[in-house]
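2 protein chains.
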Amino acid sequence: MDSKLATSYKNIMLILEYDGTGYHGWQRQRLEPTIQGVLEDRIQMMVHEPITLIGSGRTDAGVHAKHQVCHFLTHTHIDPESLRNGLNALTPDDILIRKADYVPLDFHSRYSVKSKVYEYQIWIRHEPNVFRRNFVWHVRQVLDVETMRQCVSLLVGRHDFSTFRSSGSGNMDPVREMIHAEIRGPEDGILTFIFEADGFLRHMIRNIVGTVVDVGRGRMGLVEFRDIFQAKDRACAGFKAPAQGLFLNMVKY
Amino acid sequence: MDSKLATSYKNIMLILEYDGTGYHGWQRQRLEPTIQGVLEDRIQMMVHEPITLIGSGRTDAGVHAKHQVCHFLTHTHIDPESLRNGLNALTPDDILIRKADYVPLDFHSRYSVKSKVYEYQIWIRHEPNVFRRNFVWHVRQVLDVETMRQCVSLLVGRHDFSTFRSSGSGNMDPVREMIHAEIRGPEDGILTFIFEADGFLRHMIRNIVGTVVDVGRGRMGLVEFRDIFQAKDRACAGFKAPAQGLFLNMVKY
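These protein sequences, in sequence, are chains A and B.
So in this note's numbering the end of the first sequence lands on 253, straight run, no missing numbers.
So in this note's numbering the end of the second sequence lands on 253, straight run, no missing numbers.
Hints in this document: simulated from the structure, not taken from any laboratory.
Ideal placement from N, C-alpha and C gives every residue a C-beta, glycine not left out.
Be aware that one or more of the hints could be misleading.
[What the hints assert, rightly or not] To give an idea of the interface, some chain B residues facing chain A are shown, with a C-beta separation under 7 Å as derived from the structure:
# : residue
1 : E17
2 : D198
3 : Y253
[As the list claims (entries may be wrong)] Sample of chain B residues facing chain A (criterion: CB under 10 Å; computed from the structure):
# : residue
4 : R98
5 : N129
6 : R176
7 : E177
8 : F247
One chain only, chain A, in its complex shape (with noise of 0.2 Å):
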């Protein structure tokens, strides 16, 4: 756009929370509900011109978030806290907004990510939970949990990730900084991955959470994971987690 139009626009980011168990995934789809297409639909209904609605990043179908950054330009006058509001009213009570406000134009949700941290929760005892049946995957076997730790630590810091990414990524540079990596738990019966990284790659979490899980089953041991990890080759992982037990819980800018 030229610097004259730029002016008359504002910036507005959102905050959002949202279930995404009744979603295919964040990215518009022309039948199936996402949440960008929702989101966009109820915004245009209130400030009365097409926008296009921004995410830090997809998330995939079934996946969900606690804090997810999303912008849009608008010519709009009504202010964040109204739309807000508005947003919250007319959205379905799985979507929610927490948080409206002006950003300056150069601001972008994706472009200026820094980092961003997920979670991955696994319910660890025998028998399923059906309250939390839709917010982890449940793992029946026995794990060693410690040896789990250990893998995950061996993630932390600048690396190729290709072991880890899905076909589909495209020629990506598959190096990312993972500033953070750990285990907590279990508490309650759960057990939660965190990660924080500059970037991931395509279902990069939900590969490394299912070949952890192999190693904390007895199916590989700590050094076969590291030599997969260092072999680049996504044919060596082990299978990917499903997707109802990750949460994208932050995006840094």
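For this one, chain A is given, so just place chain B on it according to the hints.
For chain B alone, coordinates are given in the frame of chain A:
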């Protein structure tokens, strides 16, 4: 049934956990999904004969159970553990059969009840929680929890609970023994009511909770609460708390 017939029957008891969000309550309905309906259909698929599943009591639409007890008479030779595994494979994952076992023919899941324990959860933070939305009642106003605890303690003992019963309860004796009543928390944004009684009238807990929350909000005082409890008149009580905060926690025999 005559005694010859009776001897060929087995009485099987099930202990269930369910997320009631997707169901129109316990009792079978012709068109809507219910817990009893789903289970009876699946049990009949396994035992190849018509059965009637009798629960310890009906739960309303949207009400959950951590421990519901039911039983049915059958001629089947399938052992209870195989029945449990088969049913868990056949039922949707919002219903879990935790246990299945033979019980004496004179065991009746409703008539043999000694007491039941219910729990009611209130979410008391200002901002809603999308992940707990189906399992709590969200109350935004600041609550005077200490006065609420005093109200609840008035309910313990043998009382006429007419004030808190809903119409449609028929002419059933309104006197119940409240064995235990307390409010736990707040913890992690949740206030939990616990009630144990030898029986509950229709909507009794939801009417109690709605009225006690009215006290917490300052719309009514402790003395007024005691007066309306003693008035034995449903018209005096506050409104009925919503179904989704309520859990059947235990049935004792």
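Hints, verified against the model:
1. Interface restraint check: E17/B against chain A, minimum CB-CB distance 5 Å, threshold 7 Å, status holds.
2. Because the smallest distance between the Cβ of D198/B and any Cβ of chain A comes to about 27 Å, over 7 Å, the interface hint for this residue is violated.
3. Against a cut-off of 7 Å between C-beta atoms, the interface hint on Y253/B is violated, since the closest Cβ of chain A lies about 22 Å away.
4. Of the supplied interface hints, the one on R98/B holds, with its beta-carbon coming within about 7 Å of a beta-carbon of chain A, less than 10 Å.
5. Proximity of N129/B to chain A holds as hinted, the smallest CB-CB distance being about 8 Å (cut-off 10 Å).
6. Nearest Cβ of chain A to the Cβ of R176/B: about 28 Å, over the 10 Å cut. The hint is violated.
7. Interface hint at E177/B: violated, since its Cβ lies 29 Å from the closest Cβ of chain A, which is beyond the 10 Å cut-off.
8. For F247/B, the suggested interface contact is upheld, since its CB lies about 9 Å from the closest CB of chain A, less than 10 Å.
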